[in-house]
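Chains as they are written, first to last, in numbering that gives the first Met the number 0: chain A, 0 to 309; chain B, 0 to 440.
Since the hints were derived computationally from the structure, they do not count as laboratory data.
Quick reminder that beta carbons are idealized off the backbone N, C-alpha and C, glycines included.
Certain hints may be false.
Covered by chain A, per the in silico footprint, the following chain B stretches (three or more residues, Cβ under 8 Å) [claimed, not checked]:
{"id": "1", "region": "112-123"}
{"id": "2", "region": "316-323"}
Here are some chain B residues the structure puts well away from chain A; computed CB gaps all over 12 Å [said to hold, decoys possible]:
{"id": "3", "residue": "G142"}
{"id": "4", "residue": "E170"}
{"id": "5", "residue": "G190"}
{"id": "6", "residue": "R191"}
{"id": "7", "residue": "V193"}
{"id": "8", "residue": "N195"}
{"id": "9", "residue": "P209"}
{"id": "10", "residue": "Q228"}
{"id": "11", "residue": "V271"}
{"id": "12", "residue": "G273"}
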Amino acid sequence: MTKIKFEKKDLLDIESLSENDITLILDTAESLKEISDRPIKKVPTLRGKTIVHFFHEPSTRTRTSFEIAAKRLSADTVSVSTGTSSIVKGETLADTARNLEAMSPDAIVLRHGSAGAPHMLARLVRSSVINAGDGMHAHPTQALLDMLTIKQRKGRLKGLRVVIAGDIAHSRVARSDIVGLTKMGARVHVVGPPTMIPMGMETLDVTVGHDIGRAVKSADVIIMLRIQKERQQALLFPSDREYAQFFGLNRQVMSKAKPNVLIMHPGPINRGVELAPEVADGPYSVILEQVTNGVAVRMAILYLLLGGPR
Amino acid sequence: MKRIWIRYGHIVDPDTGLDGVFDIVIAKGKIESIGDPGPDTKTEDCEVIDVRGKLVTPGLIDMHTHLREPGHEYKETIETGCRAAAHGGFTAICCMPNTSPVNDNQSVTDYIIKKAGKVGSVRVYPVGAISQGLAGKSLAEYGEMKTAGVVALTDDGNPVMNAQLMRRALEYAKGFDLPLISHCEDRNLTGRGVMNEGATATRLGLAGIPNASESVMVARDIALSELTQAPVHIAHVSTRDSVRLIREAKERGIPVTAETAPHYFSLTEEAVIGYNTHAKVHPPLRSSKDVKAILEGLQDGTIDVIASDHAPHSSVEKDLEFDMAANGLIGLETSLPLSLALVHSGTLTLAQIISKMSTHPARILRINPRRLKPGDPADLTIIDPLKEFTVRANRFQSKSRNTPFEGWQLKGKAILTIVKGKIVFHDGGPIKERTDTAAEP
């Protein structure tokens with residue numbers, strides 16, 4: 000394999016990555032994965048590097064995953080969350096950024112409710128900025144771990160049929176998955192009630208449908224999205240019950256799917272809404288592999304941004 | 000006061016139909032005479048300004064300006080807003096009532112008029128609120144505000160969501176001969192939207208505002224204008240749907256007029272890419288299809304007026320995450336050059352531009368007719384249509400810097416602005432007679 004250098008300062012979204020960049024990240028993640036299986040799960044690669052985890056929105060999975068990834072590479076980590084940050088005292092993101100910058104961290108991992116917040120941060124600081132989810136815009140490390148999981152199971156991404164089902168409109172995971180998967184040559188079909196499909200979807204090079212039963216038939220991979228209860232107030236759907244019946248993945252819908260289909264979910268799952276329990280825990284589900292791969296992908300990102308020869 | 004003799008200017012006056020090279024003499028705040036360029040007899044009591052190759056037009060009016068005083072003087076004051084207007088070629092501006100306190104009563108109107116008289120270089124016409132506190136609940140005191148000097152009514156910034164209130168406002172205002180200016184937006188359809196709905200918003204992960212958010216209200220206001228036979232002026236038209244509705248309403252004789260702002264024909268939603276908060280504005284920048292329809296609406300007269308919707312904000316409101324940043328951009332100092340670009344591109348004639356920035360606003364607001372005629376107040380704008388310059392916000396007279404046009408190369412701008420016979424702005428550059436005026440930085 001010819002080593003391609005990763006020349007970027009930040010990881011802000013999948014759009015700014017090339018096909019080669021994505022391949023490099025996935026290959027790096029693959030090679031770092033074995034560290035997590037060692038009895039002593041630590042290498043000195045990022046010793047002396049400081050990483051700030053700045054989470055402006057609640058998160059368990061992503062934040063833990065980033066912290067573990069950083070620690071396995073021996074980086075020093077600091078966590079700031081909304082409750083403990085000066086944001087509650089009325090400090091702006093720009094000022095918080097400048098203050099963090101003054102303490103010279105090597106990377107800032109940002110989770111933020113506003114689309115574009117990491118892009119703004121990246122303009123203001125010299126440190127590497129890693130987007131851990133911004134509003135409805137992007138969640139690049141989730142897309143990368145999804146691609147890694149699919150690649151491990153299917154051996155490729157090119158030519159696969161991937162169905163993404165649920166609230167596409169409000170999902171940063173869906174956006175990043177769509178951009179990444181189509182870039183890598185997969186064919187993406189999105190499915191959900193029309194209230195959850197944003198305008199101009201076709202310009203993202205995907206097909207759109209509203210019938211999950213029909214959608215699963217030819218799918219190699221099905222990515223289910225979390226349904227947020229508060230969307231009911233936004234008039235996107237009438238009830239959990241009806242959603243589960245018409246747009247959820249249950250045994251009956253699964254009976255139409257290919258025998259080797261993969262079921263994925265970015266978590267946390269609403270059991271009984273988008274995923275019937277027997278499907279979530281069933282043989283096709285690779286949801287926990289996604290979580291494991293999350294650590295590897297985040298280690299790869301940290302390594303490529305901070306550790307590799309720049 | 001010395002007479003001013005403006006020589007060899009190309010006069011373009013859509014109202015009187017004057018179009019040619021004439022001299023104008025201004026005395027005692029009024030136009031004394033207009034005639035063929037006479038012999039060069041410089042007299043003692045006369046300041047002579049040679050404007051060869053330049054355009055002389057009736058004074059421009061910006062009928063949609065946010066001055067921010069009282070209440071938000073850190074963004075703009077009456078004084079700085081007037082100065083920005085003068086530099087942009089405007090001899091008069093209409094200031095929106097969303098100040099703090101709101102201009103929904105005679106004492107605020109009074110304050111603005113007195114302050115403008117003291118510090119303002121251009122004419123300031125206050126626009127009063129439709130509803131008390133812009134809250135959309137009850138009528139403000141139109142009679143008293145009219146007596147104090149408002150020329151129109153609007154809740155601009157907020158839509159009048161209650162159709163019954165809008166109906167009563169139209170009827171009640173009609174009795175005082177005050178036009179209503181409607182900010183057309185259905186707040187429920189806007190929801191949490193922060194930019195135009197469509198592929199760009201979907202890519203950026205920003206909540207979208209559909210065209211229908213504007214057009215359902217345009218349709219409603221047209222229906223209410225038809226019902227009440229009261230005039231309604233649609234502010235900042237941004238969508239192709241609105242243009243079509245207004246065109247049809249005009250064909251049916253409904254007393255509706257409309258304005259758009261230069262950013263709605265100069266920019267598309269793509270200006271937002273990169274989360275540029277200077278391109279965040281209400282209504283949002285739309286698609287190229289909408290821009291095309293706006294231009295057609297300007298051409299065929301569906302859109303009567305070009306107004307800046309000058310909305311100053313400081314970095315406190317703009318240097319934020321996109322969805323938290325304030326809406327609005329400043330336009331007084333770019334409005335005319337961006338409009339002249341339509342003349343350079345052959346989209347509109349010069350006379351059309353002058354009508355939309357001077358004659359029509361005056362007619363809609365029933366203020367001094369804008370025309371160049373002996374005996375009329377000497378409000379005029381002199382434009383160098385070929386002057387090229389680069390937009391630099393840090394050279395603006397406005398207190399604020401929130402423009403999406405930073406760095407744009409534009410051609411054509413005002414070089415001399417005269418209000419009531421007094422020079423309020425004079426670009427020292429090309430005109431040699433006055434060396435005492437400092438050149439624009």
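We went through each hint and held it up to the structure:
1. 112-123: With 0 residues close enough to chain A, the hint is violated.
2. 316-323: The restraint on the region 316-323 of chain B holds, since 6 of its residues have a Cβ under 8 Å from chain A and three suffice.
3. G142: Its Cβ never comes within 12 Å of chain A, the nearest being 42 Å, so this holds.
4. E170: At about 34 Å from chain A, B/E170 clears the 12 Å cut-off, so the statement holds.
5. G190: Incorrect as stated: the minimum Cβ-Cβ distance to chain A is 8 Å, not above 12 Å.
6. R191: violated (9 Å)
7. V193: violated (9 Å)
8. N195: The claim is violated: B/N195 sits with its nearest Cβ about 9 Å from chain A, within 12 Å.
9. P209: violated (8 Å)
10. Q228: For B/Q228, whose nearest Cβ neighbour in chain A is about 37 Å away, the distance exceeds 12 Å, so it holds.
11. V271: The claim is violated: B/V271 sits with its nearest Cβ about 9 Å from chain A, within 12 Å.
12. G273: The claim breaks: B/G273 does not keep its Cβ more than 12 Å from every Cβ of chain A (closest is about 7 Å).
The structure fails hints 1, 5, 6, 7, 8, 9, 11 and 12 (numbered hints given earlier, in ascending order).
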